[in-house]
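Colleague: One letter stands for each residue in the lines below.
Number of protein chains: 2
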Amino acid sequence: MLTREKIIVLTRDLVQERGANDFSYQDLADQLKIKKASIHYHFPHKNDLLLAVTKHYSNELKDFLNNLNQNDSVKTRKKLTKYLDMYLELSKSGDKLCLCGILASEIQGFPANLVREINIFFQIHETWLRKLFQEAQENGELEFSGSASGLAAIFFSTIQGALIISRTKKDPKYLKSVIKELLNWV
Amino acid sequence: MLTREKIIVLTRDLVQERGANDFSYQDLADQLKIKKASIHYHFPHKNDLLLAVTKHYSNELKDFLNNLNQNDSVKTRKKLTKYLDMYLELSKSGDKLCLCGILASEIQGFPANLVREINIFFQIHETWLRKLFQEAQENGELEFSGSASGLAAIFFSTIQGALIISRTKKDPKYLKSVIKELLNWV
DNA sequence: GTCTATACAAAGATAGAC
DNA sequence: GTCTATCTTTGTATAGAC
Numbered sequence: 001m002l003t004r005e006k007i008i009v010l011t012r013d014l015v016q017e018r019g020a021n022d023f024s025y026q027d028l029a030d031q032l033k034i035k036k037a038s039i040h041y042h043f044p045h046k047n048d049l050l051l052a053v054t055k056h057y058s059n060e061l062k063d064f065l066n067n068l069n070q071n072d073s074v075k076t077r078k079k080l081t082k083y084l085d086m087y088l089e090l091s092k093s094g095d096k097l098c099l100c101g102i103l104a105s106e107i108q109g110f111p112a113n114l115v116r117e118i119n120i121f122f123q124i125h126e127t128w129l130r131k132l133f134q135e136a137q138e139n140g141e142l143e144f145s146g147s148a149s150g151l152a153a154i155f156f157s158t159i160q161g162a163l164i165i166s167r168t169k170k171d172p173k174y175l176k177s178v179i180k181e182l183l184n185w186v
Numbered sequence: 001m002l003t004r005e006k007i008i009v010l011t012r013d014l015v016q017e018r019g020a021n022d023f024s025y026q027d028l029a030d031q032l033k034i035k036k037a038s039i040h041y042h043f044p045h046k047n048d049l050l051l052a053v054t055k056h057y058s059n060e061l062k063d064f065l066n067n068l069n070q071n072d073s074v075k076t077r078k079k080l081t082k083y084l085d086m087y088l089e090l091s092k093s094g095d096k097l098c099l100c101g102i103l104a105s106e107i108q109g110f111p112a113n114l115v116r117e118i119n120i121f122f123q124i125h126e127t128w129l130r131k132l133f134q135e136a137q138e139n140g141e142l143e144f145s146g147s148a149s150g151l152a153a154i155f156f157s158t159i160q161g162a163l164i165i166s167r168t169k170k171d172p173k174y175l176k177s178v179i180k181e182l183l184n185w186v
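Residue numbers (the numbering used here), protein chains in the order written: chain A, 1 to 186; chain B, 1 to 186.
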C-alpha cells in the first residue's frame, strides 16, 4: 500500500477512536515507522489530512451502498438490515464511532471545506435511506406514518446517537436493542 | 459568583461548543480575566475540572426534571414536550451540544471516574424517560409497541444524534422536525 | 486566593540534505 | 519521498511571593 494511503487508513482509525483533536502526526509517525516530516510531505496541514480521510470514508460508503443497491431483487427489509449491520459491526469494535459522527461533534474550528465534506457524508446516508423508504412505501413493502425523509432522519440520528451512548456504556447490546426497536416501527 | 463557580460555568459553555480537547486553561483565564495559575488552584488537573463540570451539569438536569415532576397534574405529553424543548433551546444557540454527548464522543483517554459520571448523566435521562413512558402506558395516556425502556433509549439516542447533525447542517429545523416525527410515534 | 515566573513536553510546521 | 534538524507556539503544571 502507498504511504499516502497507509496514512489515510491509520488516521481514519485513530479519529474514529480518539477524535481529530486527540491524535497527532507523531502518533501516525510512530505507528507507521516513518517520520513526522514524511507525513507533512503528503499532507502539509492536519486539515488537509482530515479532508482526505473524510473523502475516503465517503467513497467507501458509496461503494457499500452501491453494492447494496446492485441486487434489485433483495427485499427492502433485508437491505435495511445489511445497512444497520454495518453499524453493529462498528459497535462491536468497542472503541470506534462513525468517523463523521465524531468529526461533527468537534466541528467548531474546522475549515469550511471540511464541514462541507462531513455534510456530504450525512447527505449520502439520508438520501439513500429516504429513497429506500419511499420506494418501499410506494410498493407496499413497508408501512409507516409520516414522511420517508422524516423516517430517514430518525434512523440516521438514532444510530449516530446510539453509537456514542453504546460505547460510553461499553455495551454493544445497547445499539443492538435500539436498532431492534427501530425496526419494529416499520 | 465565586471564581470556582465562574470557572465551572464557562468551562461548561466552552466544552459544549468545542469539546474537552479543544479548550485550554488559557482560554478560561483570558475570558475570566484571571491567570492560569488561579484556575490550577481550584482545579489542579484538567480532568478535575471536567469532572466538576459534569457533576454540575447533572445536578442542573436533576433540578430540571424534579421541577417537571413536581406538578403531577401535568399531562405526560406536556411533560415530554417540555423535556424536548430543553434541546430545542440548546439547538437554537447554533454552537452548542449536550455536554455529555460531546464528552462521550471524546471518551477515550478520560479517567474512569469521569466516564462513570457521564454514564450517570445518561442514566438519569433514560430512567426519567422510561418511568414517564411506563406510567403513561399503564394509565393509557400513551400508546406504543415495544418496551418503555426501549422507547426511552430511542428518544434519548435520537436527540443526541440529531443535535450533532443539526449543528453540522447549521439547521435547527432539522432537530425540530426529528422531534416532531418522534412525537408522532407515541 | 491570586499573582509572577518558570519548567517541561508536545504539537504543528518548515528548510534543506540525501 | 524520506530523512535530520530546527523553530515556534501552546498546553499543562508547579514553586513561591504577595
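Among these hints, one or two may not hold up.
As the list claims (entries may be wrong) - From the structure, some residues in chain B lie toward chain A, with a derived Cβ separation under 10 Å:
#1 N21
#2 Y25
#3 L28
#4 K33
#5 I34
#6 K82
#7 Y83
#8 L88
#9 E89
#10 Q108
#11 N119
#12 S166
#13 T168
Think of the hints as simulated: they come from the structure by calculation, not from any bench.
Note that the coordinates shown come from a computational prediction; the quantities given were computed from them, not determined experimentally.
Backbone N, C-alpha and C fix where the C-beta goes; we use that ideal spot for every residue, glycine too.
Colleague: Look at each hint and say if it fits the structure.
Modeller: Status of the hints after comparison with the structure:
no. : hint : result
1   : N21  : 4 Å, holds
2   : Y25  : 16 Å, violated
3   : L28  : 16 Å, violated
4   : K33  : 23 Å, violated
5   : I34  : 24 Å, violated
6   : K82  : 20 Å, violated
7   : Y83  : 16 Å, violated
8   : L88  : 14 Å, violated
9   : E89  : 18 Å, violated
10  : Q108 : 5 Å, holds
11  : N119 : 6 Å, holds
12  : S166 : 9 Å, holds
13  : T168 : 4 Å, holds
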